[in-house]
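On the provided structure of chain A, position chain B as indicated by the hints.
Listed here are the chains, written in short residue letters.
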Amino acid sequence: MSADSVAIVGFVVLFALMLLRVPVGMAMGLVGVSGYAYLSGGAPALKLVGQTSMRTVTDYQFGVIPMFLLMGAFVSNSGVSRELFRAANTFVGHLRGGLGLATIVSCGGFAAISGSSVATAATFSTVAYPEMRRYGYPQSFATGVIAAGGTLGAMLPPSTVLAVYGLITQQDIGKLFMAGILPGLLAMTMYMATIAVICRVKPDFLPIAAKASWAERLEGLRDVWAPVVLFVFVIGGLYGGVFTPTEAGGVGAAGAFLLGVLRGRLGRAEIRASLLQATRTAAAVFTVLIGALLFGYFLTITQVPQKVTEFLTGLGIGAYGVLALIMVMYLVLGCLMDAMAMIILTVPIIFPLVTALGFDPIWFGVIIVMTVELGLIHPPVGMNVFVIKSVVQDVSFASIFKGVLPFIATDILRLVILIAFPVIALWLPSQM
Amino acid sequence: MKRSLMDRIIDTIEAIAAMFVGLVAADIFLSVLLRRFFNLQIPDSYDFGRMLLGILIFWGIAATSYRGGHITVDLVWVSASPRWKRAIDVFATLVLLFVVTVQTYTLFDKVHATYNDNVLTYDLGLPTWPFFAIAWAGDVSAVVLIAIRTWRLIFHPEDLHDESPAAR
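Same order as they appear, the protein sequences are chains A and B.
For what it's worth, our numbering labels the leading residue of the first sequence as 1, then goes sequentially.
For what it's worth, our numbering labels the leading residue of the second sequence as 1001, then goes sequentially.
Just chain A, with the same shape it has in the complex:
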């Protein structure tokens, strides 16, 4: 069989294994090593497994992932999500659609620490949904706004997905985190504008909650000062070059632990749960990373990235035409797999193409993460929708998708804005 045929068979087997629920990283590793063994011999292929696995898990730079996961787990288990929601609610809850606005603001705050879309969506399904339903918000809107708010987790720093993109493409993770800030804030603003438009078009659709006093507002702010200070310290340190990304994660995790313990929010059970949560997620991400690196050898030997680049640049549709094709591919893949798997599987193939087309790798990281996040909420199988449905049992998928539709439109508009004005993503990193 020629290398091209081996590559095609490899991809078919890979997708078949993934559809049969073989863990994505294991499927990539198995196909990558088998394909490599077929073309180069069994002994060198087997040698790759041990070397690549050990090299990946002992790479200090990769420590950024478990450290930020641990920071997110400590903060999350300290009950911060509830406090953020309560604080945001005291300021905007009395406006029409105010609980939706509070959900977006607190999702943004929580995302800025947890770094995970799915965790944000799951958390706010338990925190914000019951409150919105108590005030008579429609199920579709309540779940839709949580699904959309959850996507902020992958954009605002410290985003695990952006960190993984940086590790795969060898881009500066600190710059990638900074690049996500303005697009993340733009997303929050546009989601809130969407809620305002919904209220304008359908004035009686969303109710109004009671107005909080200034004493209650100050009380709410007092509850959230600690995570805000931690976020500013960690991200500020990264921005100012005081810490490397791994160090920022380690300091953030230790800071979250100390704040949680000193404020009496973290007991033995919460500490244990946080450590376990971070370990399990880190192990899952590293499994995919090891698999992707093994699959990368297969891609190199079959020259798939070069062939994809030659094919797409030869279509004559221009750089932005190719970019549009890539984004459509991600939206389709979003129906199949989660953001992390999509990024790890596809970026090694398309990254050479993107750089050949002259796009900025940092900007592209932001665009690609935004696109895969859109995949988390668009029908027929958005992962965030799936997660919300697993927490909120009494709502149908159709209802959640109905609620999320206006936010999908907003996301598409935001993507267009970021493609037209790359400076939104690139300005902050250029100041580092």
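Among the hints, erroneous ones may be present.
[Claimed, not checked] With a Cα cut of at most 20 Å, we get these calculated EDC-like pairs of lysine to aspartate or glutamate:
hint: 1; chain 1: A; residue 1: 47; chain 2: B; residue 2: 1123
hint: 2; chain 1: B; residue 1: 1085; chain 2: B; residue 2: 1159
hint: 3; chain 1: A; residue 1: 402; chain 2: A; residue 2: 216
hint: 4; chain 1: A; residue 1: 307; chain 2: A; residue 2: 4
hint: 5; chain 1: A; residue 1: 47; chain 2: B; residue 2: 1117
hint: 6; chain 1: A; residue 1: 47; chain 2: A; residue 2: 59
Since the hints were derived computationally from the structure, they do not count as laboratory data.
Showing chain B alone in chain A's frame:
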């Protein structure tokens, strides 16, 4: 009685992995603190950090594999009947067992090579092979746990604690 022993083994493995993530965070935090404020450096902090990271990940893979916490594509699985769901799970777990067994076998070579080459840490000149061996032991425990998971999937599916979002 036999099954509760299995559960205790699984809990212990998870606790070991969780302890190492805490140790890595403490190592990084202390080394940053000492370097920034006291101009001191923990000897081999960098080497300890990366080797503890390796240990935590392999022990973590063991726990994650048992709990079904890996990143998977659940599109077909969610729409399958309970019988097919179980068949898919058994197939996926057998593939997982095969891959991790091969990984464990090849990792032993790496540990052996580190021992033979007498690779030392940068500052203190400590041998690194014991760290690699502890990490490798995590991969061995992954094989054991996946084998237990396969056994339970086939004979005692009610004893499994699957944690993937689709399974909840």
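Against the structure, the hints:
1. 47/A with 1123/B: violated (29 Å)
2. 1085/B with 1159/B: The given pair, whose Cα atoms are some 16 Å apart, holds under the 20 Å limit.
3. 402/A with 216/A: violated (34 Å)
4. 307/A with 4/A: holds (9 Å)
5. 47/A with 1117/B: holds (17 Å)
6. 47/A with 59/A: holds (18 Å)
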